[in-house]
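Undergrad: Can you build the whole structure from these sequences, using the hints too?
Take a look at the letters that make up each chain.
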Amino acid sequence: MDSKLKVLIVDDDPHMVKTISDILKMEGHEPYSTYSGEEGVEEVKEVIPDCVLMDIKMPGIDGIKSMVMMKEFFPHLPVVLMSAYSTEEESKEAKLQGACSVLTKPIDIRLLLAFLTLLRREKNILIVDNDILSSSRLKDLLLSRDYQADTEVNPDKVLNIMEKKYELAVLLDLNVGDADGLEILRDIRSRYPTKPVVLTAGYSEETDRAIKTGLKIGAYSCLYKPFDTRTLLRTIEGIRYEKLSSFLEGAHLSRG
Amino acid sequence: MISGVLKNLQIRHKLIILNLGITAIVIIMAGTISFITEYISFRESLLQNLSSQATIIGSNSTAALLFNDQKDAREILGALRSIPGIEFAILFDSSGSELASYQGPQGDRRELPVFPQKDGYLKIPGHLSITQGISLNRQRVGTIFILSNLDKFYALMTKRGAVTLLTFLVVLSIAYILLSKWQRVITEPILSLSKTMQRVTWERNYALNAKICSNDEIGELAGGFNVMIEQIQERDAILRKEIEERKRAEEEVRNLNEGLEQKVVEKTLQLIEAREELVRKEKLAILGQLSGFVSHELRNPLGVMNNTVFILRSLTPSSDKTTQEYLDILKHEIDKSERIIVDLLDFSRTKTPQATLVPAHELLLQNISECVIPENVSLQTKVPETLPQVKVDRHQIGQVIQNLITNGIQAMPDGGIMTVSAHLSHASGSVEPDSINRTSGDGELSKEFEGDFVEISVKDGGMGISAENMKKLFQPLFTTKTRGIGLGLTICKNLTEANGGRIMVESEVGNGAKFTILLPVAG
Numbered sequence: 001m002d003s004k005l006k007v008l009i010v011d012d013d014p015h016m017v018k019t020i021s022d023i024l025k026m027e028g029h030e031p032y033s034t035y036s037g038e039e040g041v042e043e044v045k046e047v048i049p050d051c052v053l054m055d056i057k058m059p060g061i062d063g064i065k066s067m068v069m070m071k072e073f074f075p076h077l078p079v080v081l082m083s084a085y086s087t088e089e090e091s092k093e094a095k096l097q098g099a100c101s102v103l104t105k106p107i108d109i110r111l112l113l114a115f116l117t118l119l120r121r122e123k124n125i126l127i128v129d130n131d132i133l134s135s136s137r138l139k140d141l142l143l144s145r146d147y148q149a150d151t152e153v154n155p156d157k158v159l160n161i162m163e164k165k166y167e168l169a170v171l172l173d174l175n176v177g178d179a180d181g182l183e184i185l186r187d188i189r190s191r192y193p194t195k196p197v198v199l200t201a202g203y204s205e206e207t208d209r210a211i212k213t214g215l216k217i218g219a220y221s222c223l224y225k226p227f228d229t230r231t232l233l234r235t236i237e238g239i240r241y242e243k244l245s246s247f248l249e250g251a252h253l254s255r256g
Numbered sequence: 257m258i259s260g261v262l263k264n265l266q267i268r269h270k271l272i273i274l275n276l277g278i279t280a281i282v283i284i285m286a287g288t289i290s291f292i293t294e295y296i297s298f299r300e301s302l303l304q305n306l307s308s309q310a311t312i313i314g315s316n317s318t319a320a321l322l323f324n325d326q327k328d329a330r331e332i333l334g335a336l337r338s339i340p341g342i343e344f345a346i347l348f349d350s351s352g353s354e355l356a357s358y359q360g361p362q363g364d365r366r367e368l369p370v371f372p373q374k375d376g377y378l379k380i381p382g383h384l385s386i387t388q389g390i391s392l393n394r395q396r397v398g399t400i401f402i403l404s405n406l407d408k409f410y411a412l413m414t415k416r417g418a419v420t421l422l423t424f425l426v427v428l429s430i431a432y433i434l435l436s437k438w439q440r441v442i443t444e445p446i447l448s449l450s451k452t453m454q455r456v457t458w459e460r461n462y463a464l465n466a467k468i469c470s471n472d473e474i475g476e477l478a479g480g481f482n483v484m485i486e487q488i489q490e491r492d493a494i495l496r497k498e499i500e501e502r503k504r505a506e507e508e509v510r511n512l513n514e515g516l517e518q519k520v521v522e523k524t525l526q527l528i529e530a531r532e533e534l535v536r537k538e539k540l541a542i543l544g545q546l547s548g549f550v551s552h553e554l555r556n557p558l559g560v561m562n563n564t565v566f567i568l569r570s571l572t573p574s575s576d577k578t579t580q581e582y583l584d585i586l587k588h589e590i591d592k593s594e595r596i597i598v599d600l601l602d603f604s605r606t607k608t609p610q611a612t613l614v615p616a617h618e619l620l621l622q623n624i625s626e627c628v629i630p631e632n633v634s635l636q637t638k639v640p641e642t643l644p645q646v647k648v649d650r651h652q653i654g655q656v657i658q659n660l661i662t663n664g665i666q667a668m669p670d671g672g673i674m675t676v677s678a679h680l681s682h683a684s685g686s687v688e689p690d691s692i693n694r695t696s697g698d699g700e701l702s703k704e705f706e707g708d709f710v711e712i713s714v715k716d717g718g719m720g721i722s723a724e725n726m727k728k729l730f731q732p733l734f735t736t737k738t739r740g741i742g743l744g745l746t747i748c749k750n751l752t753e754a755n756g757g758r759i760m761v762e763s764e765v766g767n768g769a770k771f772t773i774l775l776p777v778a779g
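Chains as they are written, first to last, in the working numbering: chain A, 1 to 256; chain B, 257 to 779.
Rather than coming from a laboratory, the hints here were simulated on the basis of the structure.
Keep in mind that this is a model prediction, so the values were computed, not measured.
Check each hint, because a few of them may be wrong.
[What the hints assert, rightly or not] Far from chain B by the CB rule (all over 12 Å, computed), these chain A residues: (1) Glu42; (2) Lys65; (3) Phe74; (4) Tyr85; (5) Ser136; (6) Leu143; (7) Ser144; (8) Val153; (9) Leu159; (10) Asn160; (11) Met162; (12) Leu232; (13) Ser246.
[Stated by the list, open to error] No farther apart than 20 Å at their CA atoms in a straight line, the calculated lysine-lysine pairs in the PhoX-like style are these: (14) Lys607(B) - Lys92(A); (15) Lys4(A) - Lys45(A); (16) Lys270(B) - Lys437(B); (17) Lys607(B) - Lys95(A); (18) Lys18(A) - Lys587(B); (19) Lys92(A) - Lys57(A).
Glycine included, each C-beta is placed from N, C-alpha and C at the ideal position.
TA: Spelled out as structure tokens, the structure:
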């Protein structure tokens, strides 16, 4: 498993770019330095980074516009913006356009590093389904999209596995062998209340009722089999994005 | 002349006098005429009477004359004794010598005229005489002379006069009595009118009305008077109305003027306030722009420095204590600079609070725990767990609480006791500074301040604040510290007020300062 993350740094201040880049290198990541929005957008296409760290106020096209242009190619690319002085409107606009967060300079390096660690780790997905064929197909799909996925057939082991690994999300089939999917959902919710659980189910009237109960208990959402690839990926990206964003925002706010 | 005399008398008296005068004149004239008439007729009858006596005696004495018989003649004359008033009678013969005479009891020969007399009457004072020829067969045979006194006549005339006078008096008296009674018919309406007029004049009461007692000119006069005072009344009413209207108009003008003056004063004050506000806002705007510019320009180099310190720390072996120590100092100063920038930015623009429900107890304890309390300061907290939730931005109010605690600690460099307490309170109407040692963040805002609040107080054991400094306490850029830019309390005030709260301070020099914030209770 490659723990190195490609981080694209965009800032018109070369010293800023250099220092951040050096720090990231020291921490074992792979930084790419660019010094303007235009340059950054070009570089994104070349490098396809795991994450972009970009200043908002730059000559030429600013950080927010550059981010929008980058997202045209890579809609799920996590972009963290930096600003020396941003108004509330600016921050709002940036988040609306899809920024994970707007960090204020000087950047809290520890926070940034923690974020990158999270970013790297937040790719693990646990698939719980007794239908091996279906779950392996799902796993292949996720792996092809640069996610890491594990499958589990035995519902009793689910909680044990979650103890060991930090999972981005759990895809839980409602019809898991002998155990009732809803029971497992309850167990997960009671032990890991913040863990997103996406229910998967073949459509029938019976499951429909169970799904409703599941959503009530606190399932993130429900996906119907056979999966629409795009919907599935969007859901996973949504979960990931929310997690990253809330991590940065929470840390950022508590700093003040 | 009469009118001159009468002019000043009362009308009643005038009437009586005039009437009595006229009556008197009429009676006197009537009496005089009747008296004269009577006098004449009486005299005539007297003359007649005397003449007929003379004739009778003449005819009776014809024989005596013819025969010159004195005795007979005397007897005939003696018959005159029965007739009163005859004083003398003398019978003359044709030659004119006296044949016989008669003398009455009052007779006196000396009074007799000289004879012979012509035929006819002769007036002697108090007497009347007649000389008449005596004829027989158309031949004069003698002359008879008779003298009669007028005593009877005079007595009669006197009686007549007395009666006339008496009648005159009686009539006058009756006329006076009647006039006295009847004059009222005329005078009463006039008097009543006059009285009414006097009352109108004295009392200025134009509502009075003259009584119309008759249908004559006085009645007309009273009617006219009534019409007149009615018109006066109407005119008065109109005048009064006009005066009232004028007064009201004047009053209005005065009120308007006063209002205008007040408005001018108010508007002037507002203008001054607005101007001051504008100047203040301009200053703030410039400060805000400057802060934005400065912070942007400073944050980038600070960021680079920060990054550099991080890199150097990682590269320096932990054994190199000196370098590590200086890096720590550098990092500390970077953080301090960053805090100044944050203060500047917080001051220049207060972010819209993201209000959520926060338990006051938890909010306080969490922020107290985040403050670094020096060893020489003993912190006492009196924060009941029963405090309700407040609806505020937890980060902003947290900043306020931490700011106040940090301020308090800085105010007591020699250590001491700091007390943080909180309780539920109810503010109604106003939270004005109640003494010279108490200042509220903003007197204007506090006027419309009421409801349930959590009152949080931070009391330090420092030197306290002088009255002079109290006034400037919440003003931007005011500081008594040698370091710092004096925005802390301004930010506290801005943040507290942005969250619907109030900030106040109480202090006595030498006895510490107590900062109090009121936060609105949720719901």
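Undergrad: Would you mind marking each hint as holding or not holding in the structure?
TA: Tested hints:
1. Interface exclusion of Glu42(A) from chain B stands, the closest Cβ pair being 24 Å apart, more than 12 Å.
2. The claim that Lys65(A) lies off the interface holds: its Cβ sits roughly 19 Å from the closest Cβ of chain B, which is beyond the 12 Å cut-off.
3. The Cβ of Phe74(A) sits about 26 Å from the closest Cβ of chain B, beyond the 12 Å cut-off, so the non-interface label holds.
4. Listed as a non-interface residue, Tyr85(A) fails to keep its Cβ farther than 12 Å from every Cβ of chain B; the least gap is roughly 4 Å.
5. Listed as a non-interface residue, Ser136(A) keeps its Cβ farther than 12 Å from every Cβ of chain B; the least gap is roughly 43 Å.
6. Listed as a non-interface residue, Leu143(A) keeps its Cβ farther than 12 Å from every Cβ of chain B; the least gap is roughly 34 Å.
7. Residue-level check passed: Ser144(A) sits 37 Å from the nearest beta carbon of chain B, beyond 12 Å.
8. With a least CB separation of 43 Å from chain B, Val153(A) remains clear of the 12 Å interface cut-off, as annotated.
9. Residue-level check passed: Leu159(A) sits 31 Å from the nearest beta carbon of chain B, beyond 12 Å.
10. Distance check for Asn160(A) against chain B: the nearest CB is about 35 Å away, which clears 12 Å, and the non-interface claim stands.
11. Distance check on Met162(A): its Cβ is at least 30 Å (rounded) from any Cβ of chain B, clearing the 12 Å threshold; non-interface status holds.
12. No Cβ of chain B comes within 12 Å of the Cβ of Leu232(A); the nearest lies about 34 Å off, and the non-interface call holds.
13. Residue-level check passed: Ser246(A) sits 15 Å from the nearest beta carbon of chain B, beyond 12 Å.
14. Between the alpha carbons of Lys607(B) and Lys92(A) the distance comes to roughly 12 Å, so the proposed pair stays at or under 20 Å and holds.
15. Among the hinted pairs, Lys4(A) with Lys45(A) is consistent with the structure: their alpha-carbon atoms are about 19 Å apart, no more than 20 Å.
16. With a CA separation close to 14 Å, the supplied pair Lys270(B) and Lys437(B) stays within the 20 Å bound.
17. Pair hint Lys607(B) plus Lys95(A) holds up; C-alpha atoms about 17 Å apart against a cutoff of 20 Å.
18. A C-alpha spacing of about 19 Å is found between Lys18(A) and Lys587(B), which places the hinted pair at or below 20 Å, so the restraint holds.
19. The suggested pairing of Lys92(A) with Lys57(A) holds, with an alpha-carbon distance near 15 Å, which does not exceed 20 Å.
Hint compliance for this structure: hint 4 is the single one not met.
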